[in-house]
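> Chains as they are written, first to last, in numbering that gives the first Met the number 0: chain W, 0 to 468; chain U, 0 to 468; chain S, 0 to 468.
Hints in this document: simulated from the structure, not taken from any laboratory. Honestly, I wouldn't trust all of these hints.
To be verified - Dumping the calculated EDC-like pairs for lysine to aspartate or glutamate here, alpha-carbon to alpha-carbon at most 16 Å:
1) U:Lys-319 - S:Glu-343
2) U:Lys-207 - U:Asp-196
3) U:Lys-212 - U:Asp-196
4) S:Lys-88 - S:Glu-76
5) S:Lys-336 - S:Asp-397
6) U:Lys-41 - U:Asp-196
7) S:Lys-319 - W:Glu-343
8) W:Lys-336 - W:Asp-257
9) W:Lys-319 - U:Glu-343
Below, each chain spelled out in residue letters.
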Amino acid sequence: MPRGYADRYFECSNDALPLARALYQEMSALPILSPHGHVNPKLLAENCAFADPVALLISPDHYITRMLASQGITYEELNLPDRSGERTKKIPAEQIWQLLAENWQAFTGTPSRIWFEEILTQIFHIELPFDQDNAAEIYRQISRRLEDSDFLPQTLFESFNIEVLATTDGTSDSLEFHKALEETPLQSKVIPTFRPDDVSDPERADWKQALAKLEQSTNLTITSFASLRFALRTARDRFIRNGAKATDHGVPTPFTIDLSEQAKEELFSELQARPATPENAELFRGVMLMEHAQMSADDGLVMQIHPGSVRNYSTSIFEKFGPDRGYDIPARTEFTKNLRPLLERFGFAQNFRLALFTLDESTYSRELAPIAGAFPTVKLGPPWWFHDSLNGMRRWRDATIETAGIMNTIGFIDDTRAFLSIPVRHDVARRFDAGYLAELVSSHRIREADAHFLAMQIAYHLSKDFFRL
Amino acid sequence: MPRGYADRYFECSNDALPLARALYQEMSALPILSPHGHVNPKLLAENCAFADPVALLISPDHYITRMLASQGITYEELNLPDRSGERTKKIPAEQIWQLLAENWQAFTGTPSRIWFEEILTQIFHIELPFDQDNAAEIYRQISRRLEDSDFLPQTLFESFNIEVLATTDGTSDSLEFHKALEETPLQSKVIPTFRPDDVSDPERADWKQALAKLEQSTNLTITSFASLRFALRTARDRFIRNGAKATDHGVPTPFTIDLSEQAKEELFSELQARPATPENAELFRGVMLMEHAQMSADDGLVMQIHPGSVRNYSTSIFEKFGPDRGYDIPARTEFTKNLRPLLERFGFAQNFRLALFTLDESTYSRELAPIAGAFPTVKLGPPWWFHDSLNGMRRWRDATIETAGIMNTIGFIDDTRAFLSIPVRHDVARRFDAGYLAELVSSHRIREADAHFLAMQIAYHLSKDFFRL
Amino acid sequence: MPRGYADRYFECSNDALPLARALYQEMSALPILSPHGHVNPKLLAENCAFADPVALLISPDHYITRMLASQGITYEELNLPDRSGERTKKIPAEQIWQLLAENWQAFTGTPSRIWFEEILTQIFHIELPFDQDNAAEIYRQISRRLEDSDFLPQTLFESFNIEVLATTDGTSDSLEFHKALEETPLQSKVIPTFRPDDVSDPERADWKQALAKLEQSTNLTITSFASLRFALRTARDRFIRNGAKATDHGVPTPFTIDLSEQAKEELFSELQARPATPENAELFRGVMLMEHAQMSADDGLVMQIHPGSVRNYSTSIFEKFGPDRGYDIPARTEFTKNLRPLLERFGFAQNFRLALFTLDESTYSRELAPIAGAFPTVKLGPPWWFHDSLNGMRRWRDATIETAGIMNTIGFIDDTRAFLSIPVRHDVARRFDAGYLAELVSSHRIREADAHFLAMQIAYHLSKDFFRL
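Extracted from the complex, chain W is given alone in its bound form (with noise of 0.2 Å):
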C-alpha cells in the first residue's frame, strides 16, 4: 500500500512509520521557535494588507527568482524592483504569476517547490494542484483571501504558533519597529538579532559610512580600534536591551586571530587611511570575530557565523537589483585552522556560545562534528539555505550524528524572509526528523525513549536552552 500524503517526509522504511507518525504529533504540538531569520519587523509592526499573491509569495523569495532567472526569465519580467526600489516594467502580476506556473516543472524536487505547495495547501486550503491551467483561478482564491482581515500579518503570526521570532538587524538599526512591536498585544515575541557585517568588513563600498552610522547611533566618536570597540560594546547594549539574544556574523571565511592590541590599532588605522587590500580586510575580519567572541562571552549574546558564501557574485544583477537576489555562490571553506585561535581563547568559556553553519557540506564529517563534539561553547546550526532541504538535511544528520550526537546541534532555523513559509518550513524539518528517529529506532541504533526525548529536543528545547529565549 503506497504511503499516504499524510505520511509524506517521513523517510523511512514502512516498518518505522507508526513510530515516525508518533514522534511528528508530539514535536508538531510544541510551539515555533525561530531564534535566526530575515522577516522584515516592518511588516508586522505596521500590519498592512499583503498586496497580491506575487509580492507575498514570488517576488520577495529570491530561491524562486533566481530559478525563474536559470530558465532564461529577466529580472526585468519578474517585475523586481532596481536598486532605487523602481520597477523597471511594469508587468501585470497575473502575468508573472502565470510565468511561474509554466515554469513549475524546473522547481520539481526543490524545497521552494515543496515550501510554495504546501502554503498553498496548508495556509490558503487551496485544493487544486498548482500548474499552467489552475495558476489564474489560484491567483484570485489567494487574491481574495488576502482581503480577509485574519490574514492581516499580526494575525496570521498569532495563528502560525510561533512563541518567539528573531529578525536580523543591521548595526545601527533604530529597533523602531522592536519597539512598535513591544507594545502592541501579541502573543508571540519578535526579537532582534545584531548582525554587524557592515561595520566588520572594510571590502565593503559602504564600511566607512557603516562606521559614521554607528558613530550617529551610539552619540560616539570612532578615532581608534578602542573606541570602535566601545561603540560596538554600546549598540550591543541597545540590542540586548531591546531583546536581542543572539549576534549573526555573515563572513567570506571563518578566519581568526589574536593580534595584540597595538596591532589592532595599528591596523585601523591602515584601513582608515587607505583602501583595504584583500590581506588586511581579511586580518581585520578575523579580528572582528575574535572581539564579538570576546564580547559575546561577556555579554551572553550568542554567537552565530554564516560563512562561506560569495556575495553577489553577478555584478550585473548586483548594480541593478541590489543584493539578495539568488545571486550569491557557495565556496570552499575551512573551519579548524581558521577558527582556532577563537577556540583556544572561547573554546571552554563559561558563558560564551557559538553556532556554526556552512555551504560546504564536506567540512560536515570533517570539521565540524569533531569540533562540536569536543568544544562546550560550540553546537551546530542546522543545514542552511541550500541545503535546507530533504536531502539536505538527510546529509546533515548523517554526517555529524555519529560524531557529534543531536544534544551539540541547534533546533531548526528557518531563515527565512519568506514569512507565510515559517510554519511550512518547520514543518517540513519536523516530519524529516520524526522521520529520521523512527528509522534509528527501527535499525537499533537508538532506543524508542530516546527518540521521544530527542523529538522534543530537536523541535524545541535545543534552541530554546541554546539562545536562552
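Starting from the structure of chain W, add chains U and S where the hints point.
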C-alpha cells in the same frame, strides 16, 4: 518476494516499483542521443569486423585495464600496444580473456562489470555467467558472433537506435571519417566535437606542434594572439560545416580570466619565446577558455568544460603506453572563483550555452548546483567518468536536484570509447532515473505527472534541446 | 514485522535480510585479525585485573571523554590524569560512571554508545539498559565481574578469538612487553608496529630527544641524513625480528618529495642547526615518507599513512592532559598531488605495499579510489576514527566500491586503545558489511556467490594477505 532481474537498478522502495517500471518502459522506447563520447569515427567509417573479444572489450577500455593493473597484472601481460603501436609481448587473446575472468572479483560492484555483463547478455545473448570456468566458452561464442555480418560496426550502430553520436576530435583533425560517414546511408548521425586542448595548453609537449598543425589545417599563419584567435574561429567554422554542435575543454582547472587584448598578445609572445611556467600556462589556459566562451556566444557551439583530472599521472605508463590508459587521477576542483570572470561576461549571454562536469563531487551541492540554478546559460553535465555509476548517479541527483532541479541538467552522456557499451550505459542510466523519479513520487516530493514529464526530458529532450540536435 | 535485535545494523531492505543473516553467520565464525590498533601491550603482558569500570571503559576512551567535555564536564571532573600522571581531583569512580549515564543522550546515534552498550550486553551479559536509574547497579555488576579470573586481560584476549593483534610502538620502544608475550603460551599473537613519527617531524618538541633515543636504542650515532637512515633501518630490523609486519605514519599531510641525497643532507643539517620552519619541516616529513617507502620496498613492512589530523588542537587540554585526549581535529587533505612523487617511484614496486587512510571523506571517490583502482601497490584502509561508524562505513563503501572495488581495500581495522571494544567493533563492522553485500545482491549489482566470497575476504583474507599475517 525478492525483486527480479528485470527490475534491476531500480533503486527504489517496493511501493515505487510499479511506477519505476512504467517510467522505464517510456524511456527505453526513445532513441539514444549521445552528444559527448569518444568512439573512433574510423571504426564506423571503415566498418571492419572486430578482431576478437579482447580487442573489442578489453584493450580499448581503460576502466578495465587499470583495474587489472591494480591486481598486479602488467600492461605487457595485457598485450597493450606501446606508444608506437607495437605490442611489446605477444600474448594470445584467449589468455588475456581468461586473465580477466580470473580477476573478475576485483570488478565486483563496479560499473565496468555491470556494463561488461550487460553487453554479454543483452548484445551477445550469452546466458552463462562470466567466470573462470565459462570464460573460454564465452570467448568462443563471442568470436563466432563477430564473424556475422550483423556484427559489423555500422549494422550494430543502426541496431542501437542511436539518433546522434558525437565523437571528440582534435583542433586540426581532417574529419575525413565524418565526411565519409556523411555519404554513408545511415539512419544514425555521426557528428564531430571540437576539442582544442592541444593548442590551449602551453605545458603540453606538443603545443607548438599543435599550433603548426592548426596553421596547416587552416592555411593561416599564427604570429599573434589575434591570428591564433582567427585560426581557431576558422577551425570551429570547419567543424560546424561538418555538423559539430559543441566544443569540449579538458583543463586542469576551470580558471578563467579577462585580460586586455594587449596583455593577451604579450602573454602569447612570452609563451612563444620561452618555455611556459606553471603560472603563465595557467593564465593562458584561463584566457583560452574565455576566448572560446566568446566564440561560442558568437557561433552557437555549446561549450563543455571537463576540469580537474591530473592527466598522465604515472609517467612510466604514459611513456610506455601513451595517454588514456587509466592513469589520470582527479584533484580538488574550484569552480566558484575560477568561473566568475566567465560568468560575469557570459552568464546571461543570449546565445551562449555551457555544460559543466566535475570529478570533485564536493562541488555538486556547493558550487555547481547554485551556479546552474541561477545562470540561464549554464547546465550541469551528468556524473562524469568515475562517477558514471549507480552510486555516482544517486549522489549527483541527490546533491543537485534541490538547488538546480532537473531542468538545469542535461541528459545522460556516455562519454565512452567502448562502442558496444553505449546502449547498455544508457540503459543503466535510464533504469536508475526511472527508479529515482518513482521514489520521489512515492515520498510525495513530486507528482506522478512530473515524473512522466521528467523521464522524457532526461532520456531525450534535455540533450536534444541543449545541444540543438 | 519490525526487525529484531538479532538483525541490528543489517542496513538492508527486508528482501535482502535472509542473505544478510547468512553472510553474517559466515563472517562471525572467522577469527579476528587486528593489524592496526593501540592496545597497550603492557596490559596483556602484565595481565593485571582492571581497576574498575571507569578505568576500563571511560578514562582511556577519548571518544567518550571528549563527548562528555562537549557537554560541559571538565576533564578534572572525569578524574583524568594530567601529563605527569597525577589525578588533579579525586572523584570517586562511581560518581563519574553516574555522570556518563546522566549525559547518555549526548551519545545517542554515536558508535561510542553502540560499542559501550554492546560491551555491556555481549561481554558482561548485562540486561538492564544503561541509564541514570540503572547506572549504579550496572557499575556493581561490572565491578564484581572484574574480580573474576576469567576477566583478566589474557583470558579475555583468548576468549575474543583474535588471531593476531598489532600494537603501535614508538621508534625506540624496547618491545619488552612483546618479548614477554612471545614467551607466554597464548593462542593469539601480539605483534608490534613501527611508528617513527617522533623522529620524522622536526616541529615536534621532542624531535631531538627522539633522535637521541634512536641513537641509544640502536647503538649508533646520527650525524647525517645517511646515518639517520641507517639507524632507521636498524630499528625497523629490530621490529621485524619481533614480529612487526607494518609501519604507521601519522602526518599532517601526505606530502612526499624526491630530493637528491645532497639536498637531504643539507636539509637535515639545517634542521639540526636551527629551529624548524613550517616549510622545511614539511619538506623533511615529505622526505621521510619517501625514505620509509624505499625501506618498505626493501624490507617488506607494509606502509600505512594516516594523514590529516591537526593534533593537540586545544593547547590547554594538551598542556594539562597530554596528547590523545579527543582534541585532534581533522583538516582538508590532498592526496593526488602530494602522493605523486611516491607513486612515481613505488607505485608499481614489486615488494611495496601501501594502505591509505583519511579523515577527509571528500577524497574517497575523488582521489583515493582512483589511486587504489590503478596502482597495484596501494590499497584503501577502512573508514578511520570519526568515520568508523555505520554511516561512515556506508559512505566509504558507497564512494569507493565503484572505482576501486572491494579487493583493493583491506579488511576492518579497529584502531582502538579500548581493549574490550575490539570484538564488538569487528562485530558491528561485520554486520554492516553483511547487510551491505546482501543489498548489492538484492539490487542485482552483484551475484550471491560474489557476496559469499567477498564476505570472507572482508572478514579475514584481505587483511591476512595484505599484511602477510
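> With reference to the structure, classify each hint as holding or not holding.
A quick look at each hint next to the structure:
no.	hint	in the structure
1	U:Lys-319 - S:Glu-343	14 Å, holds
2	U:Lys-207 - U:Asp-196	12 Å, holds
3	U:Lys-212 - U:Asp-196	13 Å, holds
4	S:Lys-88 - S:Glu-76	7 Å, holds
5	S:Lys-336 - S:Asp-397	24 Å, violated
6	U:Lys-41 - U:Asp-196	21 Å, violated
7	S:Lys-319 - W:Glu-343	14 Å, holds
8	W:Lys-336 - W:Asp-257	13 Å, holds
9	W:Lys-319 - U:Glu-343	14 Å, holds
Comparing the model with each earlier hint shows violations of hints 5, 6; every other hint is respected.
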